[in-house]
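Peer 1: Sequences listed follow chains D and R, in order. With this note's numbering applied, the first sequence has no gaps in its numbers, which climb one by one up to 617 at the end. With this note's numbering applied, the second sequence has no gaps in its numbers, which climb one by one up to 1025 at the end.
These are calculated hints, taken from the structure and not from any lab test. Computed from a prediction, not measured in an experiment: that's the story for all the values here. Don't take every hint at face value.
Below, simulated SDA-like cross-link-like pairs (lysine to any residue); rule was C-alpha separation at most 20 Å, straight line [claimed, not checked]:
1. D:K607 - R:P782
2. D:K607 - D:S585
3. D:K607 - D:R544
4. D:K607 - D:D581
5. D:K607 - D:G588
6. D:K607 - R:T781
7. R:K892 - R:P939
8. D:K607 - R:Q853
9. D:K607 - D:E566
10. R:K892 - R:E969
11. D:K607 - R:G970
12. D:K607 - D:D550
Calculated from the model, a selection of chain R residues having no Cβ within reach of chain D, i.e. all distances over 12 Å [to be verified]:
13. T663
14. Q822
15. T989
16. R1019
All C-beta atoms, glycine included, are put in the ideal place defined by N, C-alpha and C.
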Amino acid sequence: MRWRLRIDPTACTGHGLCADLLPERIELDEWGFPVIHGDVPASLAGHARRAVRACPALALRLETKPRETTRRERS
Amino acid sequence: MTAGLRRAQTTRRLTVGWQHASRPARLGEHLDLYGPLPSGRHGHPDPRSVIDAVAAAGLTGRGGAGFPTGTKLRAVAGRRGQAVVVANGMESEPASEKDQALLARAPHLVLDGAALAARAVGAQTVHICLDRTRRRQADEMIGAITERWEARLDEAQFLVHELPHRYVSSEETALVRWLNGGEARPTATPPRPYERGVERAPTLVDNVETLAHIGLIARYGPRWFRELGQPDAPGTMLVTTAGAVRQPGVYEIESGTSVGQVLTLADAADVGAVLIGGYFGTWHDPRRVAGLPLTAAGLKAAGAAPGAGVLFALAAGRCGVAETARVLGYLARQSAQQCGPCRFGLPAIATDFAQLAAGRPEGNVLGRLERRLGVIEGRGACRHPDGAVRLAGSALTAFAGDIRAHAAGSPCPAAGRRSLAGLPIPRTEDEWR
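For reference, chain R alone in the conformation it holds in the complex (with noise of 0.2 Å):
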């Protein structure tokens, strides 16, 4: 599936030309949208000179954490011993499409990216990662490497994988760890990858959108990407937006563009209650956040965070208690299995939240999961716990007045119904290997 992209009313970076594009660029029309790479004296940009320039950018991890580009470079430059550029296409968040809309249009300027990180780290190998549930992603992404190969481009190898299809797998110790043999499960750190990776090697760990961006900074330089966002987040962003807006997909913003902003570019509708950051992230009143930016300095107050840009707006009158019990099922049943507080902690306020959705609380269901969201977060070896519980907490915060009814045996009337602008749970049960 290829994920909807509208027009945005804001300057096109990542997505220009992307309105009549219905393939991949090809190569020629990539440099023609976008100029060649820059050259340093022998040909390719100087490693320093890309690092510099994507610290000066000010660019941040668009996967989700949302940390320094240019720290994380520098450090995987500064360790011992041959580097590995991992590329992460993995995109495991099921509200999220804009990874797979980049991947889609704009393959060249991901692998530009990941030449030049590769150059400035001193990697000779870049590992795309890619989920196996989208062959046709695989596919392009091999005939855009072997158009750069014919025409002689990078110095560095691209290798493309297929990785399980799992929320969990796309953390990035879980990528190194299917790299290195194992599976796709994340691992407990320290090491990081940065101090330790693929076949133990320092190994820098970025989201393809991430990527995409160094190759926009490194033509155009980091006060050209300064000229649109906010000094404290600068640059152009790509959302996701669904649920009940009349205008669904994928847009570019400029950083600092407000939530209530985004809300309109997608044509929304009535809105009930809006998720901030996908399935790791939290629940609003539409009224209280639609100010505030969609940053992660404008949204800290209200106890959000960007993600990976996931805007799912829920429509008014369905029941926010049953949308949120049906993503912690699926959490649940996402859990790695490998830490005890995810293991048994994610089914327990699963199904905490199944009886208030279903309105037939068993014993005190609102204390239990009071006690149990208190004492899971911090405990597993990645946040997937972490997230679970900060998705339940917010619920219970943002549906108070709805969780009291239902906590008292009485649910909304929408609780019961199928869900057909609800969050999407995907349906397929990948193994770890």
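Next comes chain D alone, as it looks inside the complex (with noise of 0.2 Å):
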């Protein structure tokens, strides 16, 4: 299974937690705002769920792929 990772933008303070914890994912743009490059394989899911639990303003979520998460949508 592949993840998404979103960030909501009104919540991130850009801390840059998720950067560190991610590089592999997450970069931070020249002001300290994370910029997300591609989904994320299971083989750096953990990694990616340690980044979520660090983001100290919660700004950062792990979802399943869009057509996942469309299903459950409807139930």
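Hey, can you piece these two chains together into the complex? The hints should help.
Peer 2: Next comes the structure, spelled out in structure tokens:
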């Protein structure tokens, strides 16, 4: 299963911990706010979850890929 | 300020009788002009037939996004819970005047559409959102609502709201947040208003021009609506023209009318560049876009979109780099300050453009801009940063030659001049609540 990282941009205050914990997928822009590169494969899911838990603003979320999300919403 | 209305050479629908109107049409005049609203078996049109007619007409939203209105009606009607309707008359785009012109002359057409939409989605309340700096608008709207109330015309209750004057306050989630007692700033989505909006109810947010078209489609039918326009862009639309045109103002055009034809209608003079779609829009060489229809499909290849129907003609000899810098400064100041990429990114690109405009670049301004423009898009709660990036990016292309000269330290002679026929930048700074 593949996962997708989502940022709530209104909650994110640019602490930058996520980029330290998941540099494979998250990079900070010049203002210190995260830019996400691509989906999260199963091999990185543990690191991604750690980054989500570490976010002081609770702005980072890990979601299943869109198709599964749609099915969940419909039920 | 009431927008100047100009005589269009196409069939009049929304604008019938506007030429001589200096005040809003009264209810009697309105009904004489358009006829009564259609009534079904119980004295009101069947909700489903309204949705079907709007869907068959192929009406798309006139607020800028161009989403199919029938699809939106159906989505709201299909949700559980009593729905709410919001009529968006905020028109925060500084270069657009069409909603103000419509509300100043045909408020009952908008209210017809809002009442029909309410009926269609099962709503009892219609919130009408207006800009609080346009006081006359609210007074006139309340006058029109009073006339309808006295005539016992509608089932739904209309409430007029005056919202803060801010560029992003017209965004649909900002309206919902304000109506729920919060600030008129956009919120992160999902949920979209159709899922959870005013008081958590499924909420239909439609632009006032869109609602006015519903008022006509319900009367005359989808086939009538499609008699004008293109198969993929049926009907008519309101456009606002300004800048290097001798007849600026609002026109009703048949959808599919080309950019060049609209510029001719407005009696364009010596046009150096044209801004299509407003401050979230794109700059173009007029010769390249003159033949393109002012529709989503027609403009797509040129990387443009009609937005809320804004065409601004920049006079030849004026500096597009300087104009863009002024608008980017405005858009940066209009950020809701909620999302980092918008809060910091927009002032950064506005500063880069200001350096370019002045011909005093610091460091590699073009390289820096390219990097910054590539990283901001899609990272805000709303589309404000995306719009600013699109405008800036299009300026780099459309004014490529000037940009190189500015970056090399030799700006256009016109860059420093005070712009007389430049893009309007509102001075008022409003609060969020």
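Peer 1: Minimum Cβ separation between T663 of chain R and chain D greater than 12 Å?
Peer 2: Per Cβ check, T663 of chain R is outside 12 Å of chain D; nearest 17 Å; holds.
Peer 1: Are K607 of chain D and Q853 of chain R close enough, with their CA atoms no more than 20 Å apart?
Peer 2: Violated, at about 46 Å.
Peer 1: Is the hinted pair K607 of chain D and D550 of chain D satisfied, with a Cα-Cα distance of at most 20 Å?
Peer 2: Roughly 17 Å between the alpha carbons, so the hint for K607 of chain D and D550 of chain D holds.
Peer 1: Please confirm whether T989 of chain R is truly not at the interface, meaning its C-beta sits more than 12 Å away from all C-beta atoms of chain D.
Peer 2: 23 Å, holds
Peer 1: Under the criterion that the straight-line Cα-Cα distance not exceed 20 Å, is the pair K607 of chain D, R544 of chain D satisfied?
Peer 2: Satisfied, since the Cα-Cα distance of roughly 6 Å is no more than 20 Å.
Peer 1: Any Cβ of chain D at or closer than 12 Å to Q822 of chain R, or is the non-interface label fine?
Peer 2: 32 Å, holds
Peer 1: Are the Cα positions of K607 of chain D and S585 of chain D separated by 20 Å at most?
Peer 2: Roughly 15 Å separates the two Cα atoms, so the pair holds.
Peer 1: Tell me if the straight-line CA distance from K607 of chain D to T781 of chain R falls inside 20 Å.
Peer 2: Answer holds: K607 of chain D to T781 of chain R is near 17 Å, not above 20 Å.
Peer 1: Under the criterion that the straight-line Cα-Cα distance not exceed 20 Å, is the pair K607 of chain D, G588 of chain D satisfied?
Peer 2: Holds, at about 16 Å.
Peer 1: Checking one constraint from the list: CA of K607 of chain D to CA of P782 of chain R, max 20 Å. Satisfied?
Peer 2: Within the cut-off at roughly 15 Å; holds.
Peer 1: What's the verdict on K607 of chain D and G970 of chain R, does the C-alpha distance respect the 20 Å limit or exceed it?
Peer 2: 18 Å, holds
Peer 1: Please work out if K892 of chain R and E969 of chain R have their alpha carbons no farther apart than 20 Å.
Peer 2: 19 Å, holds
In summary, the structure is inconsistent with hints 7 and 8 from the numbered list given earlier, while agreeing with the others.
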